[in-house]
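**Student:** Sequential numbering of the sequence shown, starting at 1, is according to the working numbering.
Just so you know, the hints here were simulated from the structure itself, not pulled from any lab data. There may be inaccurate statements among the hints.
Here are the in silico distance ranges between beta carbons for each label pair [as the list claims (entries may be wrong)]:
(1) E73 - E413: 37 to 45 Å
(2) N498 - L360: 18 to 26 Å
(3) Q7 - D333: 54 to 62 Å
(4) E64 - Q203: 30 to 38 Å
(5) K465 - T70: 51 to 59 Å
(6) N402 - D333: 51 to 59 Å
(7) T442 - R268: 28 to 36 Å
(8) A126 - G429: 50 to 58 Å
(9) T442 - D263: 42 to 50 Å
(10) E125 - R305: 48 to 56 Å
(11) K465 - L378: 15 to 23 Å
Distance condition first, Cα-Cα at most 25 Å in a straight line; then the derived BS3-like pairs of lysine-lysine [claimed, not checked]:
(12) K75 - K139
(13) K312 - K522
(14) K192 - K32
(15) K75 - K24
Cβ coordinates follow ideal geometry from the N, Cα and C atoms, glycine included.
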Amino acid sequence: MSLLNIQDLQIQFTLPEQTVEAVKSIAFEIQKGEVVGIVGESGSGKSVTALSILQLLVKNAKVEGQIWHTATEKKDLLQLSPRAIQQYRGNTIGMIFQEPMSSLNPLLRCGPQIIEALQTHRKIEAASAKKIALDWLKKVQLEDRERIFKSYPHELSGGQQQRVMIAMAMCCEPDLLIADEPTTALDVQVQKAILELLKQLQQERQMSILFISHDLGVVADLADQVVVMRHGEIVEAGKTQQIFEQPQHPYTKGLLACRPPLDRKLYRLPTIQDFEEGKVDISEVTNNQLIKEEEISKTIWQVERLSTWFPKEKNIFGRAKSYVKAVDEVSFDIRAGETLALVGESGSGKTTLGRSILRLVEPRSGALNFEGQNLMQLSDKALRKLRQQIQIIFQNPYAALNPRKPIGYAILEPMKVHDIPHSREKVIGLLERVGLQADHFTRYPHEFSGGQRQRVCIARALALKPKFIVCDECVSALDVSVQAQILNLLKDLQAEFNLSYLFITHDLSVVRFIGDRVLVMKSGKIVERGRAEAIFENPKEEYTQQLLEAVL
1 MSLLNIQDLQ IQFTLPEQTV EAVKSIAFEI QKGEVVGIVG ESGSGKSVTA LSILQLLVKN
61 AKVEGQIWHT ATEKKDLLQL SPRAIQQYRG NTIGMIFQEP MSSLNPLLRC GPQIIEALQT
121 HRKIEAASAK KIALDWLKKV QLEDRERIFK SYPHELSGGQ QQRVMIAMAM CCEPDLLIAD
181 EPTTALDVQV QKAILELLKQ LQQERQMSIL FISHDLGVVA DLADQVVVMR HGEIVEAGKT
241 QQIFEQPQHP YTKGLLACRP PLDRKLYRLP TIQDFEEGKV DISEVTNNQL IKEEEISKTI
301 WQVERLSTWF PKEKNIFGRA KSYVKAVDEV SFDIRAGETL ALVGESGSGK TTLGRSILRL
361 VEPRSGALNF EGQNLMQLSD KALRKLRQQI QIIFQNPYAA LNPRKPIGYA ILEPMKVHDI
421 PHSREKVIGL LERVGLQADH FTRYPHEFSG GQRQRVCIAR ALALKPKFIV CDECVSALDV
481 SVQAQILNLL KDLQAEFNLS YLFITHDLSV VRFIGDRVLV MKSGKIVERG RAEAIFENPK
541 EEYTQQLLEA VL
């Protein structure tokens with residue numbers, strides 16, 4: 001029995017200079033109790049299709065076609081009034097959004113936001129709603145659920161924010177769950193737990209899921225049917241096993257080919273364009289080459305006994321009674337031209353560590369030496385000057401960009417601040433280098449997909465020609481094809497400018513490709529370190545072994 005039937009769906013966006021066809025006459029259906037996965041490149045129309053189901057598109061969107069929902073009675077969701085569609089949102093149709101920080105209310109604590117979702121659709125007392133909310137926080141693997149319940153979104157890691165969003169979407173037990181990149185910000189262990197939870201709930205309640213993801217491994221594990229989209233069109237659709245084992249369309253074959261392998265290290269990742277043009281060259285890096293590269297590198301970063309603590313409880317005078325040791329006496333070094341990969345579960349302290357070494361978060365103690373300069377002893381003026389050489393690409397691209405400024409000016413701004421020669425042509429060159437177009441210069445952040453916004457952030461970081469970049473989950477929002485392009489680009493830039501990266505990620509296949517050495521972090525401490533090939537082939541710590549076993 002069909003639960004959702006999309007027929008001849010067309011979506012256009014009217015811009016000042018042109019009309020963009022985002023979705024071009026697509027059709028597919030979701031059966032009751034079925035999981036349908038949508039895959040495709042960033043900007044292919046996946047998220048736009050999902051948002052149209054609940055009438056969540058911006059005002060300049062023109063939507064035509066029919067979206068039939070048949071849970072109780074047959075209704076065309078596109079024809080419902082704003083008041084009528086509210087009865088579906090979060091109730092019979094739940095949605096997990098791609099970017100939790102832009103979806104959670106920054107002015108409300110997380111617990112009350114889940115309670116609000118419950119009380120909007122159910123006649124339920126506040127005490128009962130709180131109990132249900134706490135139960136859901138436990139179900140989505142948030143250990144310190146009382147603290148999470150009382151926390152504001154900005155006080156949580158990206159993965160913790162996403163799990164709060166999942167709890168909010170699931171608390172009313174919808175018939176259809178729209179999951180737009182729901183595991184993007186999650187480490188592999190939590191990702192596995194969340195997917196198992198979704199499977200369990202789907203089987204218990206015969207719930208249908210529309211699952212949008214750039215992670216082909218996740219889609220292969222969860223979906224019954226797969227829809228492959230490109231440039232707003234469906235290029236291939238069918239049963240999951242058929243799509244993954246016997247893809248028919250060259251684009252689908254390319255998507256599968258450009259996934260970073262976990263069992264070996266490649267020079268470059270094949271891209272869809274390479275695959276379509278028959279130029280795929282899958283060459284592995286040898287151990288001799290790895291040793292040679294390591295020997296010629298000099299140390300540019302020395303981090304010694306770094307600690308960053310946050311107050312957990314305060315007394316009546318506002319002084320901290322106890323602390324969360326986000327980073328607990330961590331020491332490591334980074335060499336010129338090297339990529340040091342930092343992996344660990346959500347909330348392990350990875351992001352805090354990355355921000356602490358740049359003093360974006362003030363450390364409690366320790367030494368930070370960059371090319372002989374101790375950042376802990378620098379004046380604010382000297383530190384500002386040094387920031388040209390040490391940049392960061394943040395995890396959440398939407399929060400990192402000013403929504404009131406076109407992205408071209410967002411890239412120009414740091415160049416002006418640091419008195420670097422700048423021009424529109426230079427910015428356009430950077431945009432094209434990261435796979436965007438010249439006419440994107442005047443567009444605003446909300447006009448881009450999540451993956452496109454992340455590429456803008458990468459271009460902005462490169463604008464200052466830094467020596468060192470902290471990449472905080474900088475490819476987590478990208479589909480595999482664009483991820484391959486960006487990872488190749490980061491490698492090319494590294495070779496050209498002798499850049500060094502601290503590469504923070506939960507994706508172990510990405511670590512295998514780009515990492516020279518690996519730090520494994522748990523509860524604020526480094527529990528294992530070593531060359532990437534040694535970590536992957538012979539992990540010594542049980543925690544590292546669990547991370548590798550959880551990869552889909």
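**Student:** Taking the hints in turn, state whether each one holds.
**Tutor:** Against the structure, the hints come out as follows:
| no. | hint | verdict |
| --- | --- | --- |
| 1 | E73 - E413: 37 to 45 Å | 53 Å, violated |
| 2 | N498 - L360: 18 to 26 Å | 24 Å, holds |
| 3 | Q7 - D333: 54 to 62 Å | 59 Å, holds |
| 4 | E64 - Q203: 30 to 38 Å | 35 Å, holds |
| 5 | K465 - T70: 51 to 59 Å | 57 Å, holds |
| 6 | N402 - D333: 51 to 59 Å | 35 Å, violated |
| 7 | T442 - R268: 28 to 36 Å | 33 Å, holds |
| 8 | A126 - G429: 50 to 58 Å | 56 Å, holds |
| 9 | T442 - D263: 42 to 50 Å | 44 Å, holds |
| 10 | E125 - R305: 48 to 56 Å | 50 Å, holds |
| 11 | K465 - L378: 15 to 23 Å | 21 Å, holds |
| 12 | K75 - K139 | 32 Å, violated |
| 13 | K312 - K522 | 18 Å, holds |
| 14 | K192 - K32 | 24 Å, holds |
| 15 | K75 - K24 | 22 Å, holds |
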